[in-house]
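Asks: If you count by my numbering, then the sequence shown holds residues -4 to 191, one letter each, in order.
I should point out that these hints are in silico values taken from the structure, not numbers from a laboratory.
From the three backbone atoms N, C-alpha and C, an ideal C-beta is built for every residue, glycine too.
Any given hint could be a false lead.
Computed spacing ranges between beta-carbons, pair by pair [unchecked claim]: (1) Gly82 x Glu183: 31 to 41 angstroms; (2) Arg101 x Pro48: 19 to 29 angstroms; (3) Glu115 x Leu85: 11 to 21 angstroms; (4) Lys116 x Gly46: 31 to 41 angstroms; (5) Gln93 x Gln182: 13 to 23 angstroms; (6) Gln113 x Lys179: 33 to 43 angstroms; (7) Thr42 x Gln86: 33 to 43 angstroms.
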Amino acid sequence: MSIRERNAIAGLGLCVLVALVTVVVTVDIGLDLAELEVGVGPAGAKTVPTGEPAPSFSLEDLDGDQISLADQRGKVVLVDFWATWCGPCLQELPHIQQLHEEYRERGLVVLAISTDSQKEKVLPFVDKEGYTFPVLYADSQVQAAYGVRGIPAVYLIDRQGMMRFQTVGFGPGGEEKLIEEVEKLLQESDQVSAKI
């Protein structure tokens, strides 16, 4: 067998291996490839335009209590859709915790909405990592209302309940941009309070 034939067979074998791993991972985490776009979310999801009212929701938290967006009126709200199996989410969550700790006294509320299909994995994960922000269990209607097309997906809502910023994914510069947007909303709120 020639070197060219061996390389062709090796290349084909690698392609088959990658395809099998993709199928196994997809089945393991319960995704339907037909419904996905880039990222991890349903294809064709429509996002909420900036400047429009944020979709209302009431979801169960880790203690079984209902937490509603309406109850947060008058505060800046950071809504973060995430999952325990999502690599970028795991990189992002420590930064969300820092925002929660640094800005909650100024009126920032973090609502981290877990999209995990297996709820029993969420509480042990949150406890192990020491996250202290409220964690809620997602439902498909809320995800659809927000147009979640990938995770992590972060939405910033101002004190009047209007959508002001949204981003999908987490990468270099992501945390700085999020801090900048949170600061901007809190400063706007501080300026309005000072005028009253």
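Asks: Give a verdict on every hint.
Replies: Hints, verified against the model:
Restraint check, Gly82 to Glu183: a C-beta distance of roughly 33 angstroms satisfies the suggested window 31 to 41 angstroms. Our hint of 19 to 29 angstroms for Arg101 and Pro48 holds, since their Cβ atoms are close to 23 angstroms apart. One distance hint, 11 to 21 angstroms for the beta-carbon pair Glu115 and Leu85, holds here, with the actual separation near 18 angstroms. A hinted range of 31 to 41 angstroms holds for the C-beta pair Lys116 and Gly46, which are about 36 angstroms apart.
Taking the beta carbon of each, Gln93 and Gln182 are about 18 angstroms apart, inside 13 to 23 angstroms as hinted. For the pair Gln113 and Lys179, the beta carbons lie near 37 angstroms from each other, so the given range of 33 to 43 angstroms is met. The beta-carbon spacing between Thr42 and Gln86, approximately 22 angstroms, falls outside the hinted interval of 33 to 43 angstroms.
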